[in-house]
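Listed here are the chains, written in short residue letters.
Protein chains: 2
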Amino acid sequence: MRILVLGGDGYLGWPTAMYFSNADHEVMIADSLAKRLWEVECGAIPLWPIPPLHQRVRLWKERTGRSIAVRIVDIATNDRLLYKILEEFQPNAIIHYAEQPSAPFSMISRRKAAFTQQNNVIGTLNLLFAMKSRCPNAHLVKLGTMGEYGTPNIDIEEGFIEITHNGRKDTLPFPKEPASFYHLSKVHDSHNIMFACKVWGLRATDLNQGIVYGIETEETKMLPDQFRTSFHYDAVFGTALNRFCVQAALGVPLTVYGKGGQTRGFLNIQDTIQCVDLTVGNPPGLGEYRVFNQFTEVFTVEELAERVKGAGRHLGLHVNINHITNPRAEQEQHYYNPKHTKLTELGLKPRQLNDVLIEEMLEAVLRAKEHVNEQVLYPTVKWREQ
Amino acid sequence: MRILVLGGDGYLGWPTAMYFSNADHEVMIADSLAKRLWEVECGAIPLWPIPPLHQRVRLWKERTGRSIAVRIVDIATNDRLLYKILEEFQPNAIIHYAEQPSAPFSMISRRKAAFTQQNNVIGTLNLLFAMKSRCPNAHLVKLGTMGEYGTPNIDIEEGFIEITHNGRKDTLPFPKEPASFYHLSKVHDSHNIMFACKVWGLRATDLNQGIVYGIETEETKMLPDQFRTSFHYDAVFGTALNRFCVQAALGVPLTVYGKGGQTRGFLNIQDTIQCVDLTVGNPPGLGEYRVFNQFTEVFTVEELAERVKGAGRHLGLHVNINHITNPRAEQEQHYYNPKHTKLTELGLKPRQLNDVLIEEMLEAVLRAKEHVNEQVLYPTVKWREQ
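Residue numbers (our numbering), protein chains in the order written: chain A, 332 to 717; chain B, 332 to 717.
Hint data in this document are derived by calculation from the structure and do not stem from the laboratory.
Remember, identical chains collapse to one label, so a pair may be satisfied in a single copy or spanning two.
Computed list of lysine to aspartate or glutamate pairs in EDC-like fashion (alpha-carbon distance at most 20 Å, straight line): (1) K552 / E690; (2) K529 / E661; (3) K500 / E488; (4) K529 / E619; (5) K463 / E716; (6) K640 / D686; (7) K673 / E628; (8) K500 / E489; (9) K680 / E547; (10) K463 / E661; (11) K529 / E508; (12) K529 / E716; (13) K552 / E694; (14) K529 / E663; (15) K500 / D486.
Isolated chain A, as found in the complex:
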């Protein structure tokens, strides 16, 4: 198949591109590289340096004999180039990671909120129009987020819910209560994509993904210094598990936001790739808009911190946990029971988050410890203050 990876310079995009290339697919990466700028704007960089995309692709070719094409394009502002790329490459599947991915980034200021919604919503809108015009049979695999749903007091279904009301029944989009301008941008995307499938007969799968952890895939291990993917631990682009590992390695307390009862879905980066592969291999029919909830386990933030504390103890680290004022506006104790059977039905074999993996992450962080910038570990973006 011809597979276009939008956002192929990123944490998930790069391993995804290598995976499909290694599996004999024809892969093209398109990326604006803008995320590297957004990181610098926040004073944050990945824990270990990530070589330029062109260099990694060249080394990938040397190492595997396989070519990955690269196009530099901002899909939110350069629609003409996007149309041209789709016309020339004629992808069978488009895996779309090319969005501003940080909730705190979107809450920094009016400018960042507007930028996030403009970038994500208009970028995806341009993609829908470009697909309709240039490759209407392609399968859009769009990365959404479990955060689109928020934390309702009922079970979360996969995209749609059957509602019986006043004696009548319909299956309707699951109501969304997103909790940042970033998460809102993903909800807006979902509505736009659903409409495009309905009115134009496009096909799309919206992967409402949990929080991804992990730093290694089969392909990153082939040439670790060059092929590894980015590891963010800062309060803007990093996720809780990464931050906790870095704090444990530095010997400073793990910072749990508020009570720590916030419950979320999680998955290993290798399972992200497995899920995307299963999705690409089982496309929906033309006109169909599917939603899969993509995660394998559910943890509270407190549980994550305890897991890191335990793994740290095993490595001889003395780890404390601090509860700090929650910079976000979110429920800290809540019901959470999201369904996630559709990918299992397609054959997903989930990996569990285990102590071995956390210890491997801790060891990797310990090796890079001198590069840590402790300043960026602590939240400065507050949801209620703009």
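Once you've looked at the hints, dock chain B against the given chain A.
Coordinates of chain B only, in the frame set by chain A:
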């Protein structure tokens, strides 16, 4: 009260501004005037000329002794001026009509779709940030649309629905199935506003309005040639009733899209103003996001055409009805039972659409008949073709 009318140059904005001014409120209009450009881009202009805003405001002062302040600002692109206006005027209520209001316009092309979402979503986002910063106690009265809901097979509630699912219960945002990029922009707005109320403690009422008809209010009648509001009959900015009146006056067949079983909520322009007045007079608490469904009657498009045919016969016009291929993607026969009790509970006294009103519209159109451009009556924007 100090009342800011965003989009005060428009069909609803201008009569709203006059109404509140006449009722002794301190009124400011802010408008980018861009809608006049969008009309020209589509080769469409109102049936009768609308004097420049500044001229109308000057004549309003001459006629009533009352001042309406005017600011020219594009809220989607000039956030700094928007902040300044809110800071200086310190409105108690902000009535927000300042969006691109046409579904067909949003379906013309990628450019128009992206423009509509950018203009509406970012404009409203800027407003939310500006309110938070400069007048956090003000009441945002936002014009949404009944089209946000689409046509589900269950009763439509006002914004929120109690869902019982697997033995648990929650009240969640009513699921949305909008049917154009314009309607989608309003859904995006609703989600953004709901979030801003929750996280920042703003107060807002989202008025999910039906299709407005009518050309006269108490204030437009005070100096009809100058104070009348715009009448659009073209296939992009006009609504069905207006188009049917113009077609009846010209003696050409009324063009019903498809089967004509499309069912929608409607209300008189005087009831729009009554609803906005009731809303402004009964603000929600800080942090509250309310949704009112704002319409008074439900008709099918076919019924509307029959009503115009009947009124036309009464005036001696020979009126035919043609069913033409539906340019839109929409259900043409469907269940439709949206609730609309909240404004009634606040005291709304609805006007019915009666034959006298249709005959008055027909007579007004007959007087302006020589200005009609027949070309713009027929749909050229097709939902499935971009």
